Amino acid sequence: MTSDPAPSPGVTPEDLDSHSLRVVRAIADHGSVTAAAAALGYSQPALSQAIRRLEARIGMTVLARAGRGVRLTEAGRVVARHATVVLRSIDAAADELTELAGARAGQARLTGFPSASSTLVPSVLGAMAARSPGVRTSYLEAEPPEAVAAVRDGLADVALTFSYPGDPQDPHGDSTSGLTSVALWRDTMVLVLPATNARARGPATREVAVSDLAQDRWIGGCPRCRAHLLATCGAAGFVPSIAYETDNVPAVLGMVAAGLGVAMLPSLAVTGAPLPSGVVARRPAGGDHRTVHLVLPPEVEAMPSVLAMRDAVRSLDPRRWGLHPV
1 MTSDPAPSPG VTPEDLDSHS LRVVRAIADH GSVTAAAAAL GYSQPALSQA
51 IRRLEARIGM TVLARAGRGV RLTEAGRVVA RHATVVLRSI DAAADELTEL
101 AGARAGQARL TGFPSASSTL VPSVLGAMAA RSPGVRTSYL EAEPPEAVAA
151 VRDGLADVAL TFSYPGDPQD PHGDSTSGLT SVALWRDTMV LVLPATNARA
201 RGPATREVAV SDLAQDRWIG GCPRCRAHLL ATCGAAGFVP SIAYETDNVP
251 AVLGMVAAGL GVAMLPSLAV TGAPLPSGVV ARRPAGGDHR TVHLVLPPEV
301 EAMPSVLAMR DAVRSLDPRR WGLHPV
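UniProt numbering puts the first residue of the sequence shown at 1, with every later residue one more than the last.
Do not rely on the hints blindly, as some may be mistaken.
[To be verified] Derived Cβ-Cβ restraints for the label pairs, each shown as a range:
id, residue 1, residue 2, range
1, A209, D153, 36 to 44 Å
2, A251, A92, 47 to 55 Å
3, E245, L140, 18 to 26 Å
4, A39, D153, 47 to 55 Å
In short, the hints are calculated from the structure, not lab data.
Predicted model only: the values in this text are computed from it and were never measured.
Each residue gets a CB set at the ideal place from its N, CA and C atoms; glycine is no exception.
Could you put the whole structure together from the sequences, leaning on the hints where they help?
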């Protein structure tokens with residue numbers, strides 16, 4: 001198409017930009033500069049100029065005159081052949097990024113504590129499936145310290161966690177440095193008692209002083225998980241007699257129903273496992289609660305699929321589970 005360019009010591013990948021590849025591919029497909037320009041929406045002079053710039057960069061002629069038209073040279077045919085593959089990949093990447101930007105693709109990995117697994121989590125994942133069906137979601141159950149660590153170490157994108165007031169081992173302290181931690185809801189604690197327990201009598205609104213249960217046997221969680229129970233009972237002036245240890249909420253309720261002891265559980269846990277016959281729930285006198293948090297990575301604003309999951313969490317109606325906004 002032009003006089004032979006100066007010989008090139010070598011062609012680098014940077015010499016072959018996507019714009020030039022698309023122009024050469026269009027000429028190969030449509031057979032002329034005029035038809036290629038029309039297909040791409042360019043003027044003919046603009047397309048011819050693009051070819052001249054490419055020839056100058058690679059040091060070879062791409063188009064040669066053939067009668068009243070032009071034809072691709074051997075170099076031009078090489079460019080056109082590879083352009084097909086390269087442009088297909090570029091277009092696919094652009095489509096995928098467009099999907100990702102609209103939270104229609106990507107992944108969002110959720111982790112959360114056990115009593116959230118049967119309550120909050122299904123609603124979050126359901127909302128994601130409805131709003132962003134192209135986003136791959138996953139869930140891993142973990143206690144708050146492990147959940148925070150998972151986000152910090154890049155093993156999870158969103159964590160639902162909790163903390164108790166005054167907890168010296170609150171996982172939302174130094175361990176969340178660099179992360180975003182948002183307090184969402186208050187989860188009220190309840191005492192679960194056998195229906196035969198004297199403190200279970202009276203109206204459902206009746207509160208029970210924790211100190212009144214000093215002589216009862218207690219059902220507690222693992223040594224790490226019972227810290228709040230020990231602190232609460234200590235503040236009430238006694239050390240609870242923990243006869244049975246389990247973190248399994250249905251098991252706790254079953255033991256209470258059998259009259260084996262009393263327990264303290266978050267409202268979320270009781271909501272997720274309805275009270276069996278023979279079990280009564282009472283609020284502790286003076287009130288008690290834990291706080292549910294949302295933990296996110298620092299780069300969340302650049303992660304549309306994770307932002308979609310964050311929004312799915314925030315869209316939940318906490319009243320469904322007896323939670324209250326902070």
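Hints, verified against the model:
no.	hint	result
1	A209 to D153: 36 to 44 Å	43 Å, holds
2	A251 to A92: 47 to 55 Å	51 Å, holds
3	E245 to L140: 18 to 26 Å	24 Å, holds
4	A39 to D153: 47 to 55 Å	50 Å, holds
Checked against the numbered hints above, the structure violates none of them.
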